[in-house]
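Please construct the entire structure, taking both the sequences and the accompanying hints into account.
With the UniProt record's numbering applied, the sequence shown covers 1 to 306.
Simulated from the structure, these hints should not be mistaken for lab results. Keep in mind that this is a model prediction, so the values were computed, not measured. Do not take every clue at face value.
[Claimed, not checked] Cross-link-like lysine-lysine pairs, in silico, BS3-like; alpha carbons within 27 Å at most: (1) Lys138 to Lys150; (2) Lys121 to Lys139; (3) Lys121 to Lys150; (4) Lys115 to Lys139; (5) Lys138 to Lys115.
[Stated by the list, open to error] Label-pair ranges, simulated between beta-carbon atoms: (6) His69 to Ala133: 13 to 21 Å; (7) Ala133 to Asp52: 53 to 61 Å; (8) Glu82 to Asn179: 41 to 49 Å; (9) His71 to Met199: 40 to 48 Å; (10) Ile170 to Gly85: 41 to 49 Å; (11) Lys150 to His69: 22 to 30 Å; (12) Asp52 to Ile173: 52 to 60 Å; (13) Gln80 to Thr41: 12 to 20 Å; (14) Ala193 to Cys64: 31 to 39 Å; (15) Glu75 to Asn118: 23 to 31 Å; (16) Asn162 to Gln68: 24 to 32 Å; (17) Met202 to Asn162: 47 to 55 Å; (18) Glu136 to Thr41: 46 to 54 Å.
In this text, a Cβ means the ideal position worked out from N, Cα and C, and glycines have one as well.
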Amino acid sequence: MAGLTRADMLKYHRSSCWICAVFLMLAARVVAQTDASNVLTVADANWTLILDGEWMIKFYAPWCPACQHLHTDWESLGRQSESLGISVGRVDVTQQPGLSGRFLVTTLPTIFHAKDGNFRKYVSSRTIEDIQAYVEQKKWAMVEPVPGWKSPSSLLMSGMANLFRLSVWIRQIHTYLTNTLGIPSWGSYVIFAIITLFMGLMLGLMLVLIADCIWPSRPKHRENKTVVIVKEEVSEEEVEDILTEEKHASDLDNESERVSGDESTEEEGAISDGAAAGSDQPPSEGAAESSVRKRKPQAQNTTEGT
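Pasting the structure below:
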């Protein structure tokens with residue numbers, strides 16, 4: 001110490017002061033982290049932790065006045081989480097848009113109660129006393145849980161989370177184009193419209209290709225069908241035979257008509273002779289009827305012959 005100069009003493013003193021200041025800062029930070037460590041920050045990377053055990057989760061935004069008013073009570077609830085037998089979490093929707101879409105958060109602040117993967121929305125008063133009573137008295141058992149299709153772990157809500165992330169990403173791009181590059185708002189809208197049309201065309205083409213791979217269309221072969229037209233050529237001999245047959249049929253018809261006519265004339269002559277022989281006695285009614293009956297079938301025979 002005797003060999004040290006005054007400058008060395010001052011240098012040593014300043015170094016010790018800096019070391020003490022850094023140590024105090026670290027100690028204060030550790031105390032602050034210990035005080036708030038009971039409130040877990042939930043993000044997309046670790047949100048599956050809330051599927052096990054009992055949780056109270058708060059969705060908030062730093063700019064929300066109601067969220068700021070609830071901040072003190074929520075930190076107090078985190079300090080009492082061990083005695084209540086629950087875990088306390090918080091989600092910043094400005095930093096985690098995917099979780100806000102997964103839980104379909106539309107108002108701020110929004111509080112959810114989770115019990116072994118079953119989620120219930122807390123709609124009572126937001127005071128620390130009411131929240132404690134909600135957990136201690138198990139008032140959450142009287143509330144219907146969120147249906148399965150609306151559960152944060154469902155496929156539909158996973159798609160909703162991706163949609164919310166996409167909307168935030170589009171908004172960031174729009175802000176970059178308008179504020180950083182100086183493009184007017186209508187120009188940004190035109191760019192997004194062109195990109196949307198191009199993406200639609202590409203997706204349509206991909207769907208067509210996938211459909212062709214899964215359900216390939218049948219090859220269309222052109223069949224050369226030869227049409228054969230057969231013309232029936234009738235020779236002169238066949239024509240003469242046909243005419244001869246027709247003439248022979250007509251001759252047969254004429255002969256049958258003649259035969260029937262001769263038979264009818266013979267019968268009429270016999271009837272007239274009988275009438276002349278018995279002219280002294282008038283013909284009876286029965287004989288007249290019999291003659292009429294005989295003539296009718298002869299007439300029928302003549303018609304059949306024709």
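The hints, checked one at a time:
A C-alpha spacing of about 23 Å is found between Lys138 and Lys150, which places the hinted pair at or below 27 Å, so the restraint holds. Taking the CA atoms of Lys121 and Lys139, the gap is about 12 Å. The hint holds against a cut of 27 Å. The hinted pair formed by Lys121 and Lys150 meets the criterion: a straight-line CA distance of about 12 Å does not exceed 27 Å. Taking the CA atoms of Lys115 and Lys139, the gap is about 12 Å. The hint holds against a cut of 27 Å.
At roughly 11 Å between alpha-carbon atoms, Lys138 and Lys115 fall within 27 Å of each other, so this suggested pair holds. The beta-carbon spacing between His69 and Ala133, approximately 19 Å, falls within the hinted interval of 13 to 21 Å. Taking the beta carbon of each, Ala133 and Asp52 are about 24 Å apart, not inside 53 to 61 Å as hinted. Evaluation of the 41 to 49 Å hint for Glu82 and Asn179 yields a pass: the beta carbon distance comes to about 46 Å.
Between His71 and Met199 the beta carbons are some 42 Å apart, a value that agrees with the proposed interval 40 to 48 Å. At roughly 42 Å, the beta-carbon separation of Ile170 and Gly85 lies within the given 41 to 49 Å, and the hint holds. For Lys150 and His69, the hinted distance range of 22 to 30 Å is satisfied, since their beta carbons lie about 28 Å from each other. In this structure the supplied range 52 to 60 Å is violated for Asp52 paired with Ile173, their Cβ-Cβ distance being about 37 Å.
Between Gln80 and Thr41 the Cβ separation comes to about 18 Å, which falls inside the hinted range of 12 to 20 Å. Against the hinted window of 31 to 39 Å, the Cβ-Cβ separation of Ala193 and Cys64 comes to about 33 Å, which satisfies the hint. At about 26 Å, the beta-carbon gap between Glu75 and Asn118 stays in the expected band of 23 to 31 Å. Distance hint check: the CB atoms of Asn162 and Gln68 are about 30 Å apart, consistent with the given range 24 to 32 Å.
Between Met202 and Asn162 the Cβ separation comes to about 19 Å, which falls outside the hinted range of 47 to 55 Å. The hinted window of 46 to 54 Å between Glu136 and Thr41 is violated, with their beta carbons roughly 25 Å apart.
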